[in-house]
Amino acid sequence: MTNLEDVLAGLWAQLPGCRVAAVVGMDGLLVERHPSVAVGTALGSAPGGDELEYLAADLTTAFTLVGGELSKQLGSRVDELVALGESGGYLARRVDANLFLFVVVGATADLGVVRRSVAGVCEQLAAEFA
Amino acid sequence: MSGGSLVDAERADRGGRPDPAQPGFDAVLDELLAVRGATVAAVADGGGVVLASRAADEATLRRTTDVVTSALAAATALTGLLEDGAGGAGAGGQATAPVPKQVMLNLDDGALLLVPLTTSDHVIVLGLASEADIGRARFALKSILAGSAGRLGGGGRV
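Quick mapping for you: the protein sequence lines, in order, are chains A and B.
Each residue of the first sequence is one higher than the last, beginning at 1429 in my numbering.
Each residue of the second sequence is one higher than the last, beginning at 25 in my numbering.
So here's chain B without its partners, still in its complex pose (with noise of 0.2 Å):
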């Protein structure tokens, strides 16, 4: 088992933000790693840096992380041009970023989840052995976020 501790989660959010999800980080990460077919658990700020987190394997944990920026990045701009643009506008009419509800992507050696929590701008990374385990960790991770609500600061919207 490898991955960031909770120092290293604050060592990693230096952004200054009052951050409720940390104390809960390791419990949930275990939890969601324990999901059949899971080989990455993570949790990421909204800007895809990865805070914590637990992999069967160094290398695996490696290329989920490469992947979570881009991925995220892309999934926001996607959700955005599906919006056409509407974004949301903001209380002083300036748009707001529109956040995707959850990302699913299928790869070559398996298949990764992301999903943001619902009143922080944390995302859950799952990494999965293969696109057949998707069904089965939505569901475990819609269990484990509603009973974990309170420590990460919001459910997902799985």
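Bound conformation, chain A alone (with noise of 0.2 Å):
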């Protein structure tokens, strides 16, 4: 079986400026994070499990909307929800039809990494999930 921990450690230690990785399903439920609610709250970065919880059932909202008319403007399911703001920003992919990986990364972080690094292990997930 897959060990989500190790795969999202994996991503948190490969993208600087990344507070927290996560998979959620799509009903809204957080199904794995890193660094855990102990060990972000040691480190003073990643968000606290609550708040962690809000943000999974806020985007799994968000990809349900762009799953409906959006998707259908575009000619294709909307797969990446990116926001940004001065601070930092959100990046939220699909891996399947029933789980969806975001990362919270900080100021600093690079765009185009995050991205990159995120698509790769949604692919990744996505062929052991198949």
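These aren't lab readings, by the way, just hints derived from the structure by calculation.
Ideal Cβ positions, reconstructed from N, Cα and C, are used throughout, including at glycine.
Please note: incorrect hints may appear among the correct ones.
Quick list of in silico lysine to any residue cross-link-like pairs, SDA-like style, CA-CA up to 25 Å [claimed, not checked]:
#1 K125/B - P1463/A
#2 K125/B - R60/B
#3 K166/B - P1463/A
Pair ranges (Cβ atoms, derived) [said to hold, decoys possible]:
#4 R60/B - E1514/A: 30 to 38 Å
#5 T142/B - A1490/A: 48 to 56 Å
#6 N130/B - V1510/A: 26 to 34 Å
Now that you have both chains on their own, put them together as the hints suggest.
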């Protein structure tokens, strides 16, 4: 069985400025995260347990919304969401019909690297879950 | 580690039904209890009688088994209400009891996940240390059940 925690730890380690990496079910339930709540709190950078759960639920809603008319207009399903602010950003990408992966990064992160890395991990996970 | 063996399971299942699940109980329960956050793994029959189980400690197992019967009965009743009493009429026009696909209970001291198997009346019961473990447990359960469908007489609907 795929060890999601190891996969997320690898992604987190290869992305400078990554605050947290997580896999979420399309029903909004957080499946796995790295760093864990305890470690993230100690590091002082990762969102806490409750905050991440709210974030996961919001992103699920966003994926559901863009899966409707926006996807229809595009002619293909929206698979990736990026939200940027002055202090950092979020990137969420579908793994398959049931899961998506998202990362929260700080302002120092290189978005190109983040996108490539996340896409690579999503492809890897999708192949393993297929 | 505690809980029933296959022999216990055979004793507990007094309904005389064919039971394709039993040969696979032990291995699957061990796998389920190995999921991070899991405190109890059990298989119950449709009536909530625990047939086999594993638990980190005896007290947690007892608390869980006490809840399972009531939780399943309540979930089945609630499912019936949500379906407005339709419940799926059988071939002879008789209404059959609807079966919940999955039941999650958030309790003060953790969470409980109940997943009926698809081709038998058995229910997988997974006790969790925290509600934050539910997503991980569901994901792991899905993989474990998919890999054990033959042994358990059908996968779950997680």
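Checking each numbered hint in turn, tell me which of them this model violates, lowest number first. 1 and 5
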